[in-house]
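Heads up: the protein sequence lines correspond to chains A and B, in order. Each residue of the first sequence is one higher than the one before, starting from 1 at the first, in my numbering. Each residue of the second sequence is one higher than the one before, starting from 1 at the first, in my numbering.
Think of the hints as simulated: they come from the structure by calculation, not from any bench. For glycine and all other residues, C-beta sits at the position ideal for the given N, C-alpha and C. Don't take every hint at face value.
Rough simulated footprint, nothing fancy, chain B against chain A, three-plus residues with beta-carbon under 8 angstroms [what the hints assert, rightly or not]: (1) 144 to 150; (2) 174 to 185.
Pairwise CB distance ranges, derived in the manner of DEER restraints [what the hints assert, rightly or not]: (3) L114/A / E75/B: 32 to 38 angstroms; (4) Y103/A / D109/B: 53 to 59 angstroms; (5) D109/B / G62/A: 53 to 59 angstroms; (6) D57/B / A110/A: 29 to 35 angstroms.
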Amino acid sequence: MFSTELVVQTFISGIMIGVLYALMALGITFIYSIMRMINWAMGEFYMIGSYLQYALVAFLLGPDLWWLAIPLSAAGVFVLGLFVQWGLLKPILRKPPEVRDDYATVVTLALLLLLRSLATGLAGPNQFSPGSDLPVVMVGPMPMAGARVAAFVFALAALALFYLLLRYSWYGLALRATSQSRVGVQTAGIDVLGVDRVAFGIGVALAGLAGALLAPVFLVYPTNGLITTVKGFEIVVIGGLGSIPGALIAGVLLGLIESFGAAFIDSAYQNIYGFALVLLILVLRPTGLFGERAREA
Amino acid sequence: MEPALETIGLVKRFGGLLATNDVSLKVDRGEIRGLIGPNGAGKTTLVNLVTGVHPADAGEVTLGGQSLRGRGMHEIARLGLVRSFQVTRLFGSMTVRENLMTSFLARRDRASGDGTEQTESMIALTRLGPLADTQAKKLSGGQRALLQMACGFMVPGTCYVLDEPFAGINPVIKDAIIDMILDVNRRHGATFLVVSHEMAIVRRLCRQVTVMMEGRVAAQGTLDEVARLPEVIAGYLGKAME
Numbered sequence: 001m002f003s004t005e006l007v008v009q010t011f012i013s014g015i016m017i018g019v020l021y022a023l024m025a026l027g028i029t030f031i032y033s034i035m036r037m038i039n040w041a042m043g044e045f046y047m048i049g050s051y052l053q054y055a056l057v058a059f060l061l062g063p064d065l066w067w068l069a070i071p072l073s074a075a076g077v078f079v080l081g082l083f084v085q086w087g088l089l090k091p092i093l094r095k096p097p098e099v100r101d102d103y104a105t106v107v108t109l110a111l112l113l114l115l116r117s118l119a120t121g122l123a124g125p126n127q128f129s130p131g132s133d134l135p136v137v138m139v140g141p142m143p144m145a146g147a148r149v150a151a152f153v154f155a156l157a158a159l160a161l162f163y164l165l166l167r168y169s170w171y172g173l174a175l176r177a178t179s180q181s182r183v184g185v186q187t188a189g190i191d192v193l194g195v196d197r198v199a200f201g202i203g204v205a206l207a208g209l210a211g212a213l214l215a216p217v218f219l220v221y222p223t224n225g226l227i228t229t230v231k232g233f234e235i236v237v238i239g240g241l242g243s244i245p246g247a248l249i250a251g252v253l254l255g256l257i258e259s260f261g262a263a264f265i266d267s268a269y270q271n272i273y274g275f276a277l278v279l280l281i282l283v284l285r286p287t288g289l290f291g292e293r294a295r296e297a
Numbered sequence: 001m002e003p004a005l006e007t008i009g010l011v012k013r014f015g016g017l018l019a020t021n022d023v024s025l026k027v028d029r030g031e032i033r034g035l036i037g038p039n040g041a042g043k044t045t046l047v048n049l050v051t052g053v054h055p056a057d058a059g060e061v062t063l064g065g066q067s068l069r070g071r072g073m074h075e076i077a078r079l080g081l082v083r084s085f086q087v088t089r090l091f092g093s094m095t096v097r098e099n100l101m102t103s104f105l106a107r108r109d110r111a112s113g114d115g116t117e118q119t120e121s122m123i124a125l126t127r128l129g130p131l132a133d134t135q136a137k138k139l140s141g142g143q144r145a146l147l148q149m150a151c152g153f154m155v156p157g158t159c160y161v162l163d164e165p166f167a168g169i170n171p172v173i174k175d176a177i178i179d180m181i182l183d184v185n186r187r188h189g190a191t192f193l194v195v196s197h198e199m200a201i202v203r204r205l206c207r208q209v210t211v212m213m214e215g216r217v218a219a220q221g222t223l224d225e226v227a228r229l230p231e232v233i234a235g236y237l238g239k240a241m242e
């Protein structure tokens, strides 16, 4: 029957990939909680992160400095996010507070198509791999590809940094307050569109970071963000839209379910197991594990 | 001396409804002005125009002689014009202390430190000490109103626009809010425009009141003066008396 060793291995690999999924979902849910807008182009920022990582490693820094390329790629996506908010989203959100902001989400749909076509146009429909000269690492009883372990460690560090920023800085306070009441923060003298800009930058940088980290594992090509975006949204439904703990816990949960499903049922259907969980959650608890039915002032 | 707050011919139309029609009023420095009128008279619309929630269709607002045209809500708040809402706009999942700190962070300056001192003094003033680390959404309606007021006082403003600060609140908290208004008025010479239906409180706080009806300024004077005016009585009781 199933050996303990296999269960432990499955568990570890589930957690490791789950944290990466959580990064993606956190970006989606964070942007939503601040801007009240779904960013459909999340996977494209993931894609850009992976291209940046590839370009930096292949042409500029070399494979030895892959670890330096990762924060640089994430920072590049952050800066791109600032410009996107400034140029495309802010003009739409600059309206009296009662006006619904549905148009902004449509802009992100257009952005999705634009960025994906741009990637195909610039780099062609090819697959790239930044390669990884990291050795295989023993995680407990189990050998793991070095790139996966590194991705896990970087993701944990990014989550810790995100938590510290949100919890202990003035900017974190402004971000948390904005997620509670966009009118309230303006009354307090906070420039809500300025908060949006940073929030959008951080949110897409999380996706870009996931892209850079997973580039050696899932490769670099124009539509590589698709699967992770779908998973990001699965997690957001499971965890509850707008809930940060929900994104983290549901992310790890999805990683575990996929991992166990692949090991003990059939690995061909790996991408299906998450959807089963989504359906189950929608039946039992439509707001998600940590979602709120309505917001209050 | 130029008025602390002045509106000049403010017009705001929502579709076919003329919510404010050529509203001009002046509030002197250090004055506590009452703004009364029946429901639907345009009081809240006026507050929203003054604080930049809505742009005016015509007319202008000046704060200490400075035009507020084209400025957003947060810029107006940073200029020292602070408002409160009829329905409190607190940060529900954040604690009382965090709510106070948020009101501090954007309006602080170099001299004001890290806000701990102000937060503690506001907690002491409002007697919310036992609830300081409670989420704002768990407070009672009165406590929320009190907290909202305290948020406005974290960094002393020059001018406060309070929309129904006493609505649906128990008498003890009403007194606490009145004391806070009088205290800030006395110590910092802050100007107030207070929208209220509570005539006893308006009489206590305001030497002068402005009466709005159907989007216009209908009268101005002491509460007793305006209460005797036939058009004010008619406005409050409807036109049945004619």
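Confirm or reject the coverage of the stretch 174 to 185 of chain A by chain B under the rule of 3 or more residues with a beta carbon closer than 8 angstroms to the chain's beta carbons.
-> It holds, with 8 qualifying residues against the three required.
For the range 53 to 59 angstroms, tell me whether the beta carbons of D109/B and G62/A fit it or not.
-> violated (48 angstroms)
Could you check the hint for me, namely that D57/B and A110/A are 29 to 35 angstroms apart, CB to CB?
-> For D57/B and A110/A the Cβ distance comes to about 33 angstroms; the hint holds.
Taking 32 to 38 angstroms as the hint, is the beta-carbon distance of L114/A and E75/B inside that range?
-> holds (33 angstroms)
Check the following: the C-beta atoms of Y103/A and D109/B are separated by a distance inside 53 to 59 angstroms.
-> violated (37 angstroms)
Closer than 8 angstroms, Cβ to Cβ, for at least three residues: run that test on the stretch 144 to 150 of chain A against chain B and report holds or violated.
-> violated (count 0)
Comparing the model with each earlier hint shows violations of hints 1, 4, 5; every other hint is respected.
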